[in-house]
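Kindly produce the complete structure, drawing on both the sequences and the hints.
Residue numbers (the working numbering), protein chains in the order written: chain R, 1 to 490; chain F, 1001 to 1226.
The set of hints was computed from the structure by calculation and includes no laboratory data.
On a predicted model such as this, the values are computed, not experimentally measured, just so you know.
It cannot be assumed that every hint is accurate.
Covered, in the sense of this in silico footprint (three residues per stretch, anywhere, with C-beta under 8 Å from a C-beta of chain R), are these stretches of chain F [what the hints assert, rightly or not]:
no.: 1; region: 1120 to 1127
no.: 2; region: 1130 to 1140
Listed below are several chain F residues computed to face chain R (Cβ distance under 7 Å; list not exhaustive) [to be verified]:
no.: 3; residue: T1056
no.: 4; residue: E1102
no.: 5; residue: I1104
no.: 6; residue: G1106
no.: 7; residue: D1110
no.: 8; residue: Q1112
no.: 9; residue: F1113
no.: 10; residue: G1114
no.: 11; residue: N1194
All residues carry an ideal CB built from backbone N, CA and C; glycine is no exception.
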Amino acid sequence: MSRPTTEQFNALFSPRGVLVAGASTHPGKFGFVSLHNVLASGYEGKVFATNRDGSEVLGITCEKDIDDLPAGEIDLVFVCTPASANNALLRQCAAKGIKAAFITSAGYGEAGDEGIKAQAELVALGEELDMLLAGPNGQGVVSTPAKLCAQIVAPYPPSGAIGVASQSGNFVSSFLNWSVQTGVGISRAVSAGNAAAVGVADYLDFYAQDPETKVGLAYVEGIADGRAFFDSVRSIAERKPLVIVKGGATAGGARAAASHTGSLASDDRVFDGAMRQAGVVRAATVEEAFEAAATFATQPLPTGNRTVVMTTAGGWGVVTADAIHESNLELLQLPEDLLAQIDTKLPPRWSRNNPVDLAGGETRDTIPEVMEMIASHDSVDSIVYLGLGIQSNQAKMMQDGSFYPEHGLERIVAYHQRQDERFATAAAEISAATGKPILTATELGTADPDNAGPAAVRASGRLCYASANRAVTALGHLWRYAEFQQRRNV
Amino acid sequence: MGTLSEEASKALLAPFGVPFLDERTVPDAAAAVGAASELGMPVVLKLNGDAIAHKTERGLVKLNLGSAEAVEAAANALLAAATPADGDVSLLVAPMIASNREFICGASTDEQFGPTVLLGVGGILAEAIADVSIRLAPINRIDAEEMIEQLQTQDLLGAFRGEDAIDRTGLIDTLMALSAAITENADVASIDLNPVLIHHGAPIAVDALVEVHDSNQTATASEVSA
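Structural data, given as structure tokens:
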């Protein structure tokens, strides 16, 4: 089976009109929820619906017969009808010029011999009709450039540059929920369902050429043809970063083999080696995968691994240095000229070492100034910045307490919040200006997302990492990818 | 799947560039003593045969033989240990080299991904430690270099217990040779070089086991029915 054409993918992700087939008046049914989600996400194309009795659903008058719909105005049909009705329905859709179908219906490959037969017929029909068939038994498709949320579940994520494809619909939801929580947005997302005609790798291949997408993010389980998957993801990773998390990693461990090599070559080790060889970023968990993708989507790629930790307090820096030692990154020993530069901005008690511990020696402008000195130095490739939001955290306690706004509290609260906003903005601006990653980590990003610091990181479009360790893990993935490309002159 | 003898395995692999010692295959104890004095003692003696896969487990490797008497006694003991199931057997005589570091290099055929190449820390704990890296064949030299970098036990690669640092180029060459062998020879199903010792910093495979695909399933079936 060949990959769908760009025109077909455009019909799926940027349809001129959408038809919900099998729209229901019952708000608990998929046929209602999907129409609701298409309308609620602000989709700007024309929306049509069909059902058996021609009733009205959410203000849309449903047609009983697809033949009564206009031709040439609809690109995508979202199918919520029973499997037995679908073949006739798709033929009618093709006659109206519909080029892509997302099929939510169950009763195919997952449903025994009968279902497997029905799925084979479905695939053959798709080829005959020259129609992209996504699913069946899938959850839906999201495309933020088209403001499209054709899904049987929430959420609709903020727009951004991460392209999601998943063998499990649940994990599409997980990735999109992380997107909602962090503010780092999604370009496209699709659950492959049974992947009868279009597999995860096909969607990822489209994302690799999609100008709206900067990074692919995928969940995979079983892989039918490992070699084809390898060839496919290797070609994708040459064009764009690709992050994969795999389920069933421990399945099929050691096996009986005449050779030691055979018994050492467990399924997961072979998969892991293949992904490294393909230049694919493999993440251990769903959150690690999302954060790696969010980092590729929002930070420049580092050109080396020399990292500086910048902190306003000692303990955080020590733990971050430990994490860097355990990673593929290097904790840069600060060059003399940089030490001398920083000396001009801080009292003598600062660490004079990496981590750069400001030791409370900062005045109004110190943090942005020192950050800029570090980022501008040739021997520095990236920065992890810790300590954002402490002042605003105190400000919140003052604001919530009974003394506010007297005793000068109103003024100091505003100052603290302004400062944290400034630091977060500076991190994003200096990173963009120098082309070097600057990752901001604080647990306040999750403990109090409204804190002025994390809120400003979010407003800058970047991820506020919940811990320094998670920032180091994400940065390590960026460097592994960049190094792979550098070595091969891609 | 069948296995090749150690001698045949090495003969298949050597042209691809797998580094082996200068060794002799001989039929009996007297010839073994002759070969040992030619190579210089101490030597290692092993029983060689198509059906012999796990020699160490069966006590079919005699190490550190320093005299003609020791070689003769070991040769007789090995020939006496051969069973009818071993088929035709001979003796392998090889120089004894000392090394504190053992690696395992290999290749095997994965059901999903096809031919693969493997590098791991060797020795009797190899499977328990499982410090290995795997790539799909064919590999290039950058892949091979990254396989070496991926090993957790990086300290083994530097200067170690009075021995030189490992010549990574030699290790890369060996992995490239395995990649070529399993890709270019369609009969090869798996290869074990276990152990690969480090001698003056360079890797040397002191054992080899090649598994071959059954060349003709139909013929095998008809043989069984006959």
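Status of the hints after comparison with the structure:
no. : hint         : verdict
1   : 1120 to 1127 : holds (count 3)
2   : 1130 to 1140 : holds (count 7)
3   : T1056        : violated (11 Å)
4   : E1102        : violated (12 Å)
5   : I1104        : holds (6 Å)
6   : G1106        : holds (3 Å)
7   : D1110        : holds (5 Å)
8   : Q1112        : holds (3 Å)
9   : F1113        : holds (4 Å)
10  : G1114        : holds (5 Å)
11  : N1194        : holds (5 Å)
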